[in-house]
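**Student:** What follows is the residue order along each chain.
Number of protein chains: 2
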Amino acid sequence: MTTRDAVRARGRRPGGEDTRSAIIDAARKSFAAKGYDKTSLRGIAREAGVDPALVHHYFDGKAALFAETLDVPVNPAELIERITTGDVDRLGWRIVETFLGVWEPAERRDALVALVRSSMTSEEAARMLREFLGREVFGRIAASTGAPDPQLRGALAASQMIGLVVARYVIKVPALAEATREQLVERIGPVLQHHLVDRSPGPE
Amino acid sequence: MTTRDAVRARGRRPGGEDTRSAIIDAARKSFAAKGYDKTSLRGIAREAGVDPALVHHYFDGKAALFAETLDVPVNPAELIERITTGDVDRLGWRIVETFLGVWEPAERRDALVALVRSSMTSEEAARMLREFLGREVFGRIAASTGAPDPQLRGALAASQMIGLVVARYVIKVPALAEATREQLVERIGPVLQHHLVDRSPGPE
Chain A
1 MTTRDAVRAR
11 GRRPGGEDTR
21 SAIIDAARKS
31 FAAKGYDKTS
41 LRGIAREAGV
51 DPALVHHYFD
61 GKAALFAETL
71 DVPVNPAELI
81 ERITTGDVDR
91 LGWRIVETFL
101 GVWEPAERRD
111 ALVALVRSSM
121 TSEEAARMLR
131 EFLGREVFGR
141 IAASTGAPDP
151 QLRGALAASQ
161 MIGLVVARYV
171 IKVPALAEAT
181 REQLVERIGP
191 VLQHHLVDRS
201 PGPE
Chain B
1 MTTRDAVRAR
11 GRRPGGEDTR
21 SAIIDAARKS
31 FAAKGYDKTS
41 LRGIAREAGV
51 DPALVHHYFD
61 GKAALFAETL
71 DVPVNPAELI
81 ERITTGDVDR
91 LGWRIVETFL
101 GVWEPAERRD
111 ALVALVRSSM
121 TSEEAARMLR
131 EFLGREVFGR
141 IAASTGAPDP
151 QLRGALAASQ
161 MIGLVVARYV
171 IKVPALAEAT
181 REQLVERIGP
191 VLQHHLVDRS
201 PGPE
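So the protein lines, in turn, are chains A and B.
Mapped onto the UniProt record's numbering, the consecutive letters of the first sequence carry residue numbers 1 to 204.
Mapped onto the UniProt record's numbering, the consecutive letters of the second sequence carry residue numbers 1 to 204.
Among the hints, erroneous ones may be present.
Stated by the list, open to error - Calculated cross-link-like contacts (lysine-lysine; reagent style DSS-like; alpha-carbon spacing at most 30 Å):
| hint | chain 1 | residue 1 | chain 2 | residue 2 |
| --- | --- | --- | --- | --- |
| 1 | B | 172 | A | 29 |
| 2 | A | 29 | B | 38 |
| 3 | B | 172 | A | 38 |
| 4 | A | 34 | B | 172 |
| 5 | B | 38 | A | 38 |
Think of the hints as simulated: they come from the structure by calculation, not from any bench.
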């Protein structure tokens, strides 16, 4: 029985928390079935049996709704705004700092690990993650700098962050699992800076 | 029926290809059950029912045997030797070049992807990969430079390479899946150089 069915079975009109849950439920199905890019808020409203205006009432856009389907109560658009506002010379460090700030609490980390893990074995999950990261996260960050090759740069930055998640939380390489947040910001900040901003391909 | 059983069932003495297969079979089981570090060549010989000298006859050490269990006919010790010999100022680039040279052929790439994928869902596979990378690959490379914090440096370098494999071959982020080898060497070489060798934590 889905949340929506449950709402109906109890004979209540969708409203408040029930409507919210029905929308998240419909969104989760749609992202999994169609991927991130092809999912629309209108389609989610239809699937949830609610007015599209209600979706906009409860959620600040598609990225925020996507985060809700992962049980992560953050608004990606706000985080990206925070990351891309400020000195571009510190962009790489801000990304690592923001990322770890959001994801280190255990309950969010579990959601992140579950997402990365399922993207390794399910083409649907891989597509969701790939499209979401490209469209809402690293695509936006890379585009904000004006550096050439934003797509390749964004993808390279994503590769370092995905590798950090896998090595620290999943494979649990000891030195990385034990590293402090400050150490990671200090060591990985310059890597994201290099991938996203530096004009020359390397230090030589 | 295992390879060893097959050898016996056919009434032949272990020898040549049969012995070789029996050893690989026993090694695969032992690495999965005990992890990389606690597996010994002596224990593998016992499990395979052959003289330990035969294991040394067929395989150039534990790392080479581990590679065989992954169906990857490379000798890690030789690759590491090749990587760590030469100008330390080019170490990062040599790693990416060597890594891609070995792993890009489709049949080896499949073995690599299978290993990374299984390490995401199986603690046994994660432990094998973690111990192998730490002991035989990034541990040795990091130790070769004389830079401080070799364990953290090796783990950070591993995180970038794991992220590259996941983003390019598994999640298939378009810009990375389509990048040429030369582009990857140019962009990721300096990152490994930074993680492994650079004294200052960043460009500032």
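**Student:** What are the numbers of the hints that this structure violates, sorted from low to high?
**Tutor:** 2, 5
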